[in-house]
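Visitor: Chains A and B, in that order, give the protein sequences.
Counting from 1, position 107 in the first sequence corresponds to residue 240 in my numbering; the numbering is continuous, with no gaps.
Counting from 1, position 6 in the second sequence corresponds to residue 476 in my numbering; the numbering is continuous, with no gaps.
Hint data in this document are derived by calculation from the structure and do not stem from the laboratory.
Heads up, the beta-carbon is just placed ideally off N, CA and C, and yes, glycines get one too.
Please note: incorrect hints may appear among the correct ones.
[Unchecked claim] Short derived list, chain B residues pointing at chain A, Cβ under 7 Å:
no., residue
1, Thr508
2, Gly512
3, Phe535
4, Gly555
5, Ala558
6, Leu561
7, Glu573
8, Phe576
9, Gly577
10, Pro578
[Unchecked claim] In the BS3-like style, the derived pairs of lysine-lysine whose C-alpha atoms are separated by at most 27 Å in a straight line are:
no., chain 1, residue 1, chain 2, residue 2
11, A, Lys232, A, Lys175
12, A, Lys232, A, Lys189
13, A, Lys200, A, Lys232
14, A, Lys135, A, Lys244
15, B, Lys527, B, Lys481
16, B, Lys484, A, Lys232
17, A, Lys232, B, Lys541
18, A, Lys232, A, Lys203
19, A, Lys175, B, Lys527
20, A, Lys203, A, Lys135
21, A, Lys200, B, Lys541
22, A, Lys135, B, Lys484
23, B, Lys541, B, Lys527
24, A, Lys244, A, Lys175
25, A, Lys244, A, Lys200
26, A, Lys232, A, Lys244
27, B, Lys484, B, Lys541
28, A, Lys244, B, Lys527
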Amino acid sequence: QKEVEQDPGPLSVPEGAIVSLNCTYSNSAFQYFMWYRQYSRKGPELLMYTYSSGNKEDGRFTAQVDKSSKYISLFIRDSQPSDSATYLCAMSANTGGFKTIFGAGTRLFVKA
Amino acid sequence: DTGVSQNPRHKITKRGQNVTFRCDPISEHNRLYWYRQTLGQGPEFLTYFQNEAQLEKSRLLSDRFSAERPKGSFSTLEIQRTEQGDSAMYLCASTRMGLAGGEQFFGPGTRLTVL
C-alpha cells in the first residue's frame, strides 16, 4: 500500500464548476500538507500549504485537512480552462528534513 | 529570475553512457532535494542536502547514482552506466530552514531519455 493515495483521473469538468480533489494517507506522522499544480513538462508549483488539521482558503482555492480520517482535499471554485493541469497532493513530517511524499497526481481538464 | 534552475532541460543519451545534471537552488535556501518523476506518477524522493551535507538517500538511489553539493550552493546528480529504466524527469527543489513545513520550490526539471 502506498503512503499516499490519489485518484489519477482524468477528471473533466465544464468551466465554472466546483472541482474537488482528494488524497488519503497512512502515515499519522505527517503534519504538513501541500497541493502542487503541474503543467505538462514543467516542474510542480506550490499552490497551497496547510499545517495539521483545518481549512485554508486562497482566492478560488480551499484546502482541507482531516487528520483523524487521514484525508485531505482541494476545492477549486469557478474553475477555468487555465486550471487544466495535474494536481499533486504532498505531505511531510517534522523529521528527515521534511522529506516530501507525493501522490500520483490527478489530471484535471476544464472545458470552455 | 530567482527561482530554482536546472540544466540541461533535456538530455538524450545511449545506454551505458554517464550523464550529469546541475541544479542551482534559490540563493538563500540551504536545503536541496532531488526527485525523480516518471509518466503518470508523482515525484519520488531520491536524496537531500542540508548545506553541503547529504543527509538522506532513498533506496531508489542505486550505486550508479551520486549527488554532490560541494559548497552548499549548486548541486549535481550523476548517473553512471545509464539504463533505459533511468528515463524520467529529474526534479530539484530547495527550501530554507525556518520555512514552516519545509515548503519546497521546484525547478523545471531535466528530462532524461536513455535509448
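Visitor: Does each hint fit the structure? Answer for all of them.
Guide: Hint by hint, here is what the structure shows:
Because the beta carbon of Thr508 (chain B) sits about 10 Å from the nearest beta carbon in chain A, more than 7 Å, this interface hint is broken. Because the closest C-beta pair between Gly512 (chain B) and chain A is about 3 Å apart, less than 7 Å, the hint holds. Against a cut-off of 7 Å between C-beta atoms, the interface hint on Phe535 (chain B) is violated, since the closest Cβ of chain A lies about 17 Å away. Nearest Cβ of chain A to the Cβ of Gly555 (chain B): about 18 Å, over the 7 Å cut. The hint is violated.
A distance limit of 7 Å between C-beta atoms decides the matter here; for Ala558 (chain B) the minimum to chain A is near 13 Å, and the interface restraint is violated. With 7 Å as the threshold, the beta carbon of Leu561 (chain B) comes within range of chain A, its nearest partner Cβ sitting at about 6 Å, so the hint holds. The beta carbon of Glu573 (chain B) comes within 5 Å of a beta carbon in chain A, closer than 7 Å, and the hint placing it at the interface holds. Annotation: interface hint on Phe576 (chain B) holds; nearest CB of chain A at approximately 4 Å, less than 7 Å.
Because the smallest distance between the Cβ of Gly577 (chain B) and any Cβ of chain A comes to about 5 Å, under 7 Å, the interface hint for this residue holds. This hint holds: Pro578 (chain B) has a C-beta 5 Å from the nearest C-beta of chain A, less than the 7 Å allowed. Between Lys232 (chain A) and Lys175 (chain A) the CA atoms are separated by roughly 21 Å; this keeps the pair inside 27 Å, and the hint holds. The suggested pairing of Lys232 (chain A) with Lys189 (chain A) holds, with an alpha-carbon distance near 22 Å, which does not exceed 27 Å.
Between Lys200 (chain A) and Lys232 (chain A) the CA atoms are separated by roughly 19 Å; this keeps the pair inside 27 Å, and the hint holds. The suggested pairing of Lys135 (chain A) with Lys244 (chain A) is violated, with an alpha-carbon distance near 31 Å, which exceeds 27 Å. With a CA separation close to 23 Å, the supplied pair Lys527 (chain B) and Lys481 (chain B) stays within the 27 Å bound. Between Lys484 (chain B) and Lys232 (chain A) the CA atoms are separated by roughly 32 Å; this puts the pair beyond 27 Å, and the hint is violated.
Restraint check for Lys232 (chain A) and Lys541 (chain B): satisfied, since their Cα atoms lie roughly 22 Å apart, inside the 27 Å limit. Among the hinted pairs, Lys232 (chain A) with Lys203 (chain A) is consistent with the structure: their alpha-carbon atoms are about 18 Å apart, no more than 27 Å. With a C-alpha separation of about 24 Å, the suggested pair Lys175 (chain A) and Lys527 (chain B) falls inside the 27 Å cut-off, and the hint holds. Annotation: proposed proximity of Lys203 (chain A) to Lys135 (chain A) holds, straight-line Cα distance about 13 Å (limit 27 Å).
Proximity of Lys200 (chain A) to Lys541 (chain B) is assessed by CA-CA distance (about 39 Å); at most 27 Å being required, the pair is judged violated. Distance hint between Lys135 (chain A) and Lys484 (chain B) is unfulfilled; the C-alpha atoms sit about 32 Å from each other, more than 27 Å. Only pairs whose Cα atoms come within 27 Å are accepted, and Lys541 (chain B) paired with Lys527 (chain B) is accepted, the gap being roughly 19 Å. Straight-line distance between C-alpha atoms of Lys244 (chain A) and Lys175 (chain A) comes to about 21 Å, which keeps the hinted pair within the 27 Å bound.
For the hint pairing Lys244 (chain A) with Lys200 (chain A), the CA-to-CA distance comes to about 33 Å; that exceeds 27 Å, so the pair is violated. Taking the CA atoms of Lys232 (chain A) and Lys244 (chain A), the gap is about 35 Å. The hint is violated against a cut of 27 Å. Note on Lys484 (chain B) and Lys541 (chain B): the hinted pairing is violated, with a Cα-Cα distance of about 31 Å set against a maximum of 27 Å. About 42 Å separates the Cα atoms of Lys244 (chain A) and Lys527 (chain B), which puts this hinted pair outside 27 Å; it is violated.
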